[in-house]
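Based on the hints, put chain B with the ligands in the right spot on chain C.
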Amino acid sequence: MADAVLAVRNLCKSFGALKATENVSLDLKPGEIHALIGPNGAGKSTLIHQIAGTLAPDSGDIDFLGRPVGHLGVVERARMGLGRSFQVSSLAPEFSALRNVMLAVQSRQGSSFRFFRPVMGDASLIEPAMASLERVGLATRARVPAAELSHGERRQLEIAIALALGSQAFLLDEPMAGMGPEGSRSLTGFLDRLREEAPILLVEHDMDAVFALADRVSVLVYGRIIASGTVDQVRTDPEVRRAYLGDPA
Amino acid sequence: MTISRETAINVTLALILLAMPFLALQLGKPFYVTLATRMAILGLAAVGLNLALGLGGLVSFGHAAFFGVGGYAAGILASHAFAGQPLNLGLFALPGTNQMLVVWSVAVLAGGLLAAAIGVISLRTSGVYFIMITLAFAQMTYYFAISWPAYGGEDGLSITIRNVVPGINTLIPINYFLVCYALLLTALLIFALIRGSRFGAALQASRQNKLRVASIGIAPFRIGLVAFIISGMITALSGALYADLNRFVSPSMLSWHMSGELIIIVVLGGVGRLWGPVAGAMLFVVFEFVLGGLTERWQFFLGLALLAVVLFARGGLVGFLAGRMRHG
Ligand SMILES: Nc1ncnc2c1ncn2[C@@H]1O[C@H](COP(=O)(O)OP(=O)(O)O)[C@@H](O)[C@H]1O
Ligand SMILES: [Mg+2]
Numbered sequence: 001m002a003d004a005v006l007a008v009r010n011l012c013k014s015f016g017a018l019k020a021t022e023n024v025s026l027d028l029k030p031g032e033i034h035a036l037i038g039p040n041g042a043g044k045s046t047l048i049h050q051i052a053g054t055l056a057p058d059s060g061d062i063d064f065l066g067r068p069v070g071h072l073g074v075v076e077r078a079r080m081g082l083g084r085s086f087q088v089s090s091l092a093p094e095f096s097a098l099r100n101v102m103l104a105v106q107s108r109q110g111s112s113f114r115f116f117r118p119v120m121g122d123a124s125l126i127e128p129a130m131a132s133l134e135r136v137g138l139a140t141r142a143r144v145p146a147a148e149l150s151h152g153e154r155r156q157l158e159i160a161i162a163l164a165l166g167s168q169a170f171l172l173d174e175p176m177a178g179m180g181p182e183g184s185r186s187l188t189g190f191l192d193r194l195r196e197e198a199p200i201l202l203v204e205h206d207m208d209a210v211f212a213l214a215d216r217v218s219v220l221v222y223g224r225i226i227a228s229g230t231v232d233q234v235r236t237d238p239e240v241r242r243a244y245l246g247d248p249a
Numbered sequence: 001m002t003i004s005r006e007t008a009i010n011v012t013l014a015l016i017l018l019a020m021p022f023l024a025l026q027l028g029k030p031f032y033v034t035l036a037t038r039m040a041i042l043g044l045a046a047v048g049l050n051l052a053l054g055l056g057g058l059v060s061f062g063h064a065a066f067f068g069v070g071g072y073a074a075g076i077l078a079s080h081a082f083a084g085q086p087l088n089l090g091l092f093a094l095p096g097t098n099q100m101l102v103v104w105s106v107a108v109l110a111g112g113l114l115a116a117a118i119g120v121i122s123l124r125t126s127g128v129y130f131i132m133i134t135l136a137f138a139q140m141t142y143y144f145a146i147s148w149p150a151y152g153g154e155d156g157l158s159i160t161i162r163n164v165v166p167g168i169n170t171l172i173p174i175n176y177f178l179v180c181y182a183l184l185l186t187a188l189l190i191f192a193l194i195r196g197s198r199f200g201a202a203l204q205a206s207r208q209n210k211l212r213v214a215s216i217g218i219a220p221f222r223i224g225l226v227a228f229i230i231s232g233m234i235t236a237l238s239g240a241l242y243a244d245l246n247r248f249v250s251p252s253m254l255s256w257h258m259s260g261e262l263i264i265i266v267v268l269g270g271v272g273r274l275w276g277p278v279a280g281a282m283l284f285v286v287f288e289f290v291l292g293g294l295t296e297r298w299q300f301f302l303g304l305a306l307l308a309v310v311l312f313a314r315g316g317l318v319g320f321l322a323g324r325m326r327h328g
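Protein sequences, first through last, are from chains C and B. With my numbering applied, the first sequence corresponds to residues 1 to 249, in that order. With my numbering applied, the second sequence corresponds to residues 1 to 328, in that order.
By construction, these hints were calculated from the structure, which means they are not laboratory data. Using N, Cα and C, we set each Cβ at its ideal position, and we do this for glycine too. Don't take every hint at face value.
What the hints assert, rightly or not - Here's a subset of chain C near chain B, in silico, CB distances under 8 Å, partners left out:
no.	residue
1	V75
2	S90
3	L91
4	A92
5	S96
6	R99
7	L103
8	A104
9	Q106
10	S112
11	F113
12	F116
13	R117
14	M120
15	L165
Said to hold, decoys possible - Straight-line distance between alpha carbons at most 16 Å, and here's what the computed EDC-like set of lysine to aspartate or glutamate pairs gives:
no.	chain 1	residue 1	chain 2	residue 2
16	C	K29	C	D192
17	B	K210	C	E94
18	C	K29	C	E197
19	B	K210	C	E76
20	C	K29	C	E196
21	C	K19	C	D58
So here's chain C without its partners, still in its complex pose (with noise of 0.2 Å):
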């Protein structure tokens, strides 16, 4: 078994008296998908925002690639391959969705401080970024404001960008989150495709989406993880059915 992509270990974040984040432990191997469930308000989006770096833990680890990055920051962390999407806004509302992809590759490349050369006409920031979007299916919405992309085209959006910063890691948050059926599945479907190229650790709501991807499930409720396993471990689980699937038995 190879070693893990992304390790947190012991991680504990309390908001007051609330105990967000409770003790949690999980890891991403190369190649899974390793789905994140739970009732709302459980914890799932703080856990990624201290994963990504944008919430500090009150203690715990956090290594990836091997490396410890607890003390690192957000640009830190995504310098080193760590790619996120978000659950509600988008990168930059009033730039087409190619400028936004382009903005990733740009960051990718390493090269923000280039002050003249106008980026409308540079290849090497064009043509990596059309074909991310080309393989999240947007290519010919490239040039709307992404402010008027619909809800489900921003999602893809965000895969792209994703896609673009050559990620070793994917943190989604609830990507399928206001999609329609039919989008959920062709996302489902590159999900399953994206995780050859990073691992993903995917926060979802949509339980067909999470049974159908998974390859493994962990369950969050109260900030605590309940159970961990394959998708038919944790189903039968009879903790999870009590607590969040609902089963009064």
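For chain B with the ligands alone, coordinates are given in the frame of chain C:
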């Protein structure tokens, strides 16, 4: 090739401003040459602010600091040149000079250094705090100038003879206008290049969503700081020109009124628009001159105009004429 509406408006603005002093001379009203020069200089200062405010969303209420530092650079160097005494900077002594090229370089350098110092601290905040902290820094420079008797304190500092540019007699008003106009065009060119560049993309994205920009591995702090420094440099250059126009520098160049006027100019003309600051400066000077001649309370009407822009024409004059901004 099709020319966009905004380009047509920009060219028109450029031509109007350029034609104005020549027309004034034709009509035998040389005073209007000074007004046009004032438009060009305030426009230049506002182009600087527009880089931070329009592209980066950094609402600086302290750009008077850079404007004034540029002005004092010109005034101090000229006064030392006039007195024939070198300027003692502790580590080394700088001879005074009346060469504008040197004065401009010193002004730009001083503006950049001050912007770096103010930016490093201010950019750790955002929103109203950023506005307040930039205001506070500018007020510090204002009180420093007032309490510094060596260079005139409250009374300010006169420049006995306007500084010179090799080969150009800057004492002739139209020549000095053309010098300022050329620098304005240069700054606009720099603004346009930066806006379309990789740096400009990162800067404009930071305005739209700082956190997201960080999450793709671009540090918005560093981008904002560099933008703030360039912005301060441009505004400092205009301050040096302003000092030479009036042949006088005073702490009022550093006061919060000046910062406020620069914001008003950018907002009137169109935040983030290439020629917005110039349109705003032209409007502002016209207001100041026409209404200022009619009533003491011209600023009340300026306020009304500003209110109208904020309520009905979000993109300022340029936005009103050219429609919404397109990013491609
Ligand atoms: N910045 C914050 N300050 C205080 N409480 C927060 C903060 N962020 C999240 N919470 C609380 O932490 C809990 C977990 O939230 P969240 O991680 O968003 O849940 P999920 O994504 O699983 O729905 C919720 O009760 C939420 O109200
Ligand atoms: Mg959430």
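Outcome of the hint check:
With a cut of 8 Å, the hint placing C:V75 at the interface with chain B holds, because the nearest CB-to-CB distance is about 5 Å. Taking 8 Å as the C-beta cut-off, the interface hint given for C:S90 holds, the closest approach to chain B being about 7 Å. The interface hint given for C:L91 is met, as the beta carbon of that residue sits about 5 Å from the closest beta carbon of chain B, less than 8 Å. The closest approach between the C-beta of C:A92 and any C-beta of chain B is roughly 4 Å, which is under the 8 Å cut-off, so the hint is satisfied.
At its closest, the beta carbon of C:S96 sits 6 Å from a beta carbon of chain B; the interface hint therefore holds under the 8 Å criterion. Hint on C:R99 holds. Least Cβ distance to chain B is approximately 7 Å, under the 8 Å limit. Interface hint at C:L103: satisfied, since its Cβ lies 6 Å from the closest Cβ of chain B, which is below the 8 Å cut-off. Taken as an interface hint, C:A104 checks out: its beta carbon lies about 5 Å from the nearest beta carbon of chain B, inside 8 Å.
A least Cβ separation of about 5 Å between C:Q106 and chain B falls short of the 8 Å threshold, and the interface hint therefore holds. Residue-level restraint check for C:S112 holds (minimum Cβ-Cβ distance to chain B is 4 Å; threshold 8 Å). A least Cβ separation of about 6 Å between C:F113 and chain B falls short of the 8 Å threshold, and the interface hint therefore holds. A distance limit of 8 Å between C-beta atoms decides the matter here; for C:F116 the minimum to chain B is near 5 Å, and the interface restraint holds.
Interface restraint check: C:R117 against chain B, minimum CB-CB distance 6 Å, threshold 8 Å, status holds. Given hint, C:M120 at the interface with chain B, holds; its Cβ is 6 Å from that chain's nearest Cβ, closer than 8 Å. Interface hint at C:L165: satisfied, since its Cβ lies 6 Å from the closest Cβ of chain B, which is below the 8 Å cut-off. Distance restraint check for C:K29 and C:D192: the Cα-Cα separation of roughly 15 Å lies within the 16 Å cut-off, and the hinted pair is therefore satisfied.
A C-alpha spacing of about 14 Å is found between B:K210 and C:E94, which places the hinted pair at or below 16 Å, so the restraint holds. Distance restraint check for C:K29 and C:E197: the Cα-Cα separation of roughly 12 Å lies within the 16 Å cut-off, and the hinted pair is therefore satisfied. Restraint check: the Cα-Cα separation between B:K210 and C:E76 comes to about 15 Å, which is no more than 16 Å; the hinted pair holds. Restraint check for C:K29 and C:E196: the C-alpha separation of about 11 Å stays at or below 16 Å, so the hint holds.
Among the hinted pairs, C:K19 with C:D58 is consistent with the structure: their alpha-carbon atoms are about 10 Å apart, no more than 16 Å.
The structure is consistent with each of the numbered hints, conforming to all of them.
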